[in-house]
Amino acid sequence: MNRIAMAALAALTAAAGLGPAQAGSEDVVVENAWARATIGTARPGAAYLTLRNAGDATLTLTGVAASAAARAEIHRSVTDEKGVSSMMPAGEIAVGPGTSVALEPGGLHVMLMGLRSPLDEGDGFELTLTFSDGGEVAVPVAVLGIAARGPGG
Amino acid sequence: MKMARTIAWSLVGLAVLAFGASWLWTDRRGGGPGDPAFAAAFELTDHSGMIRTQEDFAGRWMLVFFGFANCPDVCPTTLAEVAAVMDGLDEDAGRVQPLFISIDPERDTPTALAAFVPAFGADIVGLTGTPEQIARTADGFHIYYEKVEEAAAPGGYTMGHSSQLFLFGPEAGYVRSWPYGTLAEEILADLKEHLAS
Ligand SMILES: [Cu+2]
Chain A
1 MNRIAMAALA
11 ALTAAAGLGP
21 AQAGSEDVVV
31 ENAWARATIG
41 TARPGAAYLT
51 LRNAGDATLT
61 LTGVAASAAA
71 RAEIHRSVTD
81 EKGVSSMMPA
91 GEIAVGPGTS
101 VALEPGGLHV
111 MLMGLRSPLD
121 EGDGFELTLT
131 FSDGGEVAVP
141 VAVLGIAARG
151 PGG
Chain B
1 MKMARTIAWS
11 LVGLAVLAFG
21 ASWLWTDRRG
31 GGPGDPAFAA
41 AFELTDHSGM
51 IRTQEDFAGR
61 WMLVFFGFAN
71 CPDVCPTTLA
81 EVAAVMDGLD
91 EDAGRVQPLF
101 ISIDPERDTP
111 TALAAFVPAF
121 GADIVGLTGT
131 PEQIARTADG
141 FHIYYEKVEE
151 AAAPGGYTMG
161 HSSQLFLFGP
171 EAGYVRSWPY
181 GTLAEEILAD
191 LKEHLAS
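Line by line, the protein sequences are chains A and B. Per my numbering, the first sequence starts with residue 1, numbered consecutively. Per my numbering, the second sequence starts with residue 1, numbered consecutively.
There could be a bad hint or two in this list.
Said to hold, decoys possible - Selected chain A positions facing chain B (in silico; Cβ < 7 Å):
(1) N32
(2) R36
(3) P44
(4) G106
None of these hints come from the bench; they were simulated from the model. Note that the Cβ used here is the ideal one computed from N, Cα and C, for glycine as well.
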């Protein structure tokens with residue numbers, strides 16, 4: 001099976017609500033939140049971060065909103081065995097107890113659509129992550145240069 | 001939950017379609033990277049409005065990759081990696097021309113590319129053209145691209161596309177490619193070896 005199909009199946013499993021009891025959002029640790037600068041507001045932006053589940057039950061990220069954009073979604077970029085890359089909504093993201101999920105270039109990302117103002121290097125904005133227990137976590141995001149390759153620039 | 005399931009199943013459907021399409025595409029084709037005659041060939045407009053062909057870059061190595069300006073993740077990442085590779089070449093940078101070819105001719109006018117590609121530095125040249133020119137170029141490079149419906153995206157679509165980075169030699173002949181996700185440091189080391197040979 002190719003990676004697109006696998007990703008879709010993973011999304012299906014997550015959406016079907018399989019897995020152990022849901023943990024509280026108070027157990028989530030968000031690290032290395034950053035976004036690439038954009039030129040203007042016409043084109044979408046992307047933000048990245050690492051979600052760590054410090055609790056002892058699975059934690060599920062169900063939604064995201066951004067102060068900088070009219071609409072934010074978790075997307076997944078996939079590259080198949082022929083070298084074709086595309087992206088799609090990732091559905092809910094389950095983070096097992098004691099594990100981390102990285103949103104990083106070329107994989108999971110927060111897609112920022114309808115930017116309210118350009119993301120300028122040195123600025124920041126806030127992401128609000130919603131979890132399956134209804135809890136919300138506010139995450140400050142640093143805007144790095146357009147050619148940034150990771151949270152370190 | 002019911003809606004989530006519907007979305008999940010439509011993702012599965014999409015995956016099956018995408019898989020079928022990419023399978024059909026590669027099976028139909030000959031030539032490409034395995035063919036000793038494979039070379040860079042294009043006639044496109046650069047981000048300053050000039051008509052460019054591979055002959056304009058004769059005598060220089062070409063780093064060629066495909067993408068679109070509305071791409072928030074994979075394309076800026078590749079542009080950033082290529083810029084890092086070019087920085088790492090130091091005085092040899094002048095021997096290598098990085099070329100970003102748009103596979104989204106509808107949205108990527110030369111003006112749109114002019115506001116996007118140069119921001120990454122490293123003298124990367126953005127190339128675009130008419131839909132016919134882009135289709136011909138993609139055919140010549142044996143790469144794949146498709147529109148993917150995405151209601152929330154500008155214009156209501158996003159693109160899927162081949163994301164490897166190609167290296168062509170000073171006579172435009174194909175040398176090698178690196179898959180998306182190859183670290184700039186690794187590409188730089190390989191490229192330096194080629195430049196030294
Ligand atoms: Cu996206």
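Do the numbers back the hint for N32(A), that is, is its least Cβ distance to chain B under 7 Å? violated (16 Å)
Going by Cβ atoms only, is R36(A) closer than 7 Å to chain B? At 6 Å from the nearest chain B Cβ, R36(A) passes the 7 Å test, so the hint holds.
Checking hints one by one. Is P44(A) an interface residue toward chain B, by the C-beta closer than 7 Å rule? holds (4 Å)
Hint G106(A) vs chain B: min CB-CB distance below 7 Å? holds (5 Å)
Violated hint: 1 only; the structure is consistent with all others.
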